[in-house]
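Colleague: Here's the letter readout for the chains.
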Amino acid sequence: MSWMIFAFVFWICAWGTNIALVRSRLSDTTAVKYTVPILFGLTIVVLWEAVVHSFAISPAILPAPSAVADRFINSTGMLWEDFVQTVLKGALRGYIIGVLAAFVVAILIDRSPFLTRGLLPIGNFVAALPIVGVAPILVSWFGFDWHSKAAVVVVMVFFPVLVNTVQGLRETDAMLRDLMKTYAAGYFKTLLKLRIPAAMPFIFNGLKVAATLALIGAIVAEYFGSPTRGMGFRISTGVGSLSIDLVWAEIVVAALAGTAFYGIVAFIEKKVTFWHPSQRG
Amino acid sequence: MTRTLFPVLTVLFGILVIWFLAVAPMNIRVTLDQAARAGGDVVPTEAVERRNASTLSLLLNNKSYIAGGYDLDRPRLPTPTQVGQELWKTTGAMILKGRTWSKRSLIYHGWITLQSTFWGFLLGTSVGILGAVLVVKSRVLEMSLVPWAIISQAVPIVALAPMIIVLSSQAGIDGRGFPKALISSYLCFFPVMVGMIKGLRAPNAEQLDLLKTYSASGQQQFLKLRVPASLPYLFTSLKIGVAAALVGAIVGELPTGAISGLGARILIGDQFGTPLAIWSALFAAAILAGVLVTLLDRTQHVLLRKMGMRT
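First to last, the protein sequences are chains R and X.
Counting from 1, one number per residue, gives the positions in the first sequence under our numbering.
Counting from 1, one number per residue, gives the positions in the second sequence under our numbering.
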């Protein structure tokens, strides 16, 4: 009971602090922009801990955050091994290959308006499909190790990046292209100095969508067969053996990896497309 | 319409041709193994040598066996016609035989997945719209909710899927419908919320000022200006949302050992080594996604035209 009361008091205090912070003159500073969501998240963790303790929920169903943190600290070695296998080997390599392939194809297609018109609707459609379903096929083609995971990621990230890049390359208006012509710039000069930079906001849109898809692809593919390491492998065996705290620890790793991945792409976007209105805020 | 139809058909035709050509190199090893076992004249004769030989040399040395690769029971890559036949066998032919709801019919499995998709879509859309309204109304909630909504999408949902199933079965909820709908709504709510926030904020200062001169209350301003203005945004994100909900329903079936649904067909096809079942389930899912998005697109067209907006 005391846990529940503490959680309630914490909730009220955090809520009050957040309201006060947002209403204060400081509400536009970066510190407040981080404090408010962090307090919100902390409240949920405290409530979770309180619910687990006061209702005596079995750790096989829902472990307390403290138990998950404990497990996290005690098995960093294994978590790191899984992280390397799934994120660095599977997701990241697949992401790089898929993005580069999409980029090259987009630039090739862009030379023909006919192909562009034909491929955009198809690409848009395919980008909306449940492509994760190809995971079992690709696992049977490329084997259990990271190659098949990277292949799934390649297929998943290819279309969102392709569609966005093609759309971005069409962004420049006739005036700007005429200007390049008056500078006597050829196709490649125009592409390099005008059209690719102008396409960057679109490309980064695709890259950000692809960043979240990449992790999903790499983890799902591990459900269909993997060596005895990897986040997807650990999660499916963890659920089977009721070591739920380990599963949650893996989810924390997945969340951190996913957020970091997204954050890095967003950071590069900020540096590259500093000129775009959406970045000047 | 005709301006894009011809290029789209051409590209589709090109994809089919590439697919058809790729079948030969993909299937040649399986074909040769089968032919060698049946006592056929295969070059090289030893299985070990064949494994080390390049695909191209196998193709060139065994020209007479290439055709066999287009008619395998368990191909590595089936031909488009094989997939089409399998699709017809499990849908149209089932209807003709009056066994539409048989366990082998993809219509039955598609219906199971469609149900989860529908509930997930409903739940996800409600949460998304509610979240957007709260965020637009309250700055505290905006600052605390929006970052977490973004982080929630960076968490791979499939990592959570087995957990959600354990939790809901322990909580005494039977069947896989509920966890599947929950996973599906998790993927669906985010695009709807983002689109709705944008939509509710779409009215510009002039329009807001005009309503002020009418002495409209905050609620009237919300209902008569912000909500109608948000509809085009809402529909655009609903189309993304319904596709995401379908992905969620299928992903929800994959790691959970479900026995019915399109995702379960993929899973079972993988376990029993019947690639044709996987491919036909994949295409059925694609068709389902296409139908759902088209339905929403038509609704958007009709509704917005009735409201006097240009679409």
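Hints were generated in silico from the structure; no laboratory data involved.
Heads up, some of the hints might be wrong.
Calculated cross-link-like contacts (lysine-lysine; reagent style DSS-like; alpha-carbon spacing at most 25 Å) [what the hints assert, rightly or not]:
# : chain 1 : residue 1 : chain 2 : residue 2
1 : R       : Lys208    : X       : Lys198
2 : X       : Lys137    : R       : Lys33
3 : X       : Lys198    : R       : Lys33
Here are a few chain X residues that sit away from chain R, every Cβ distance over 10 Å (derived from the structure) [what the hints assert, rightly or not]:
# : residue
4 : Thr4
5 : Phe20
6 : Ala93
7 : Pro162
8 : Leu210
9 : Ala286
Glycine is no exception: its CB is placed at the ideal position from the N, C-alpha and C atoms.
Colleague: Which of the numbered hints are not met once you compare them with the structure shown?
Modeller: 4, 7, 9
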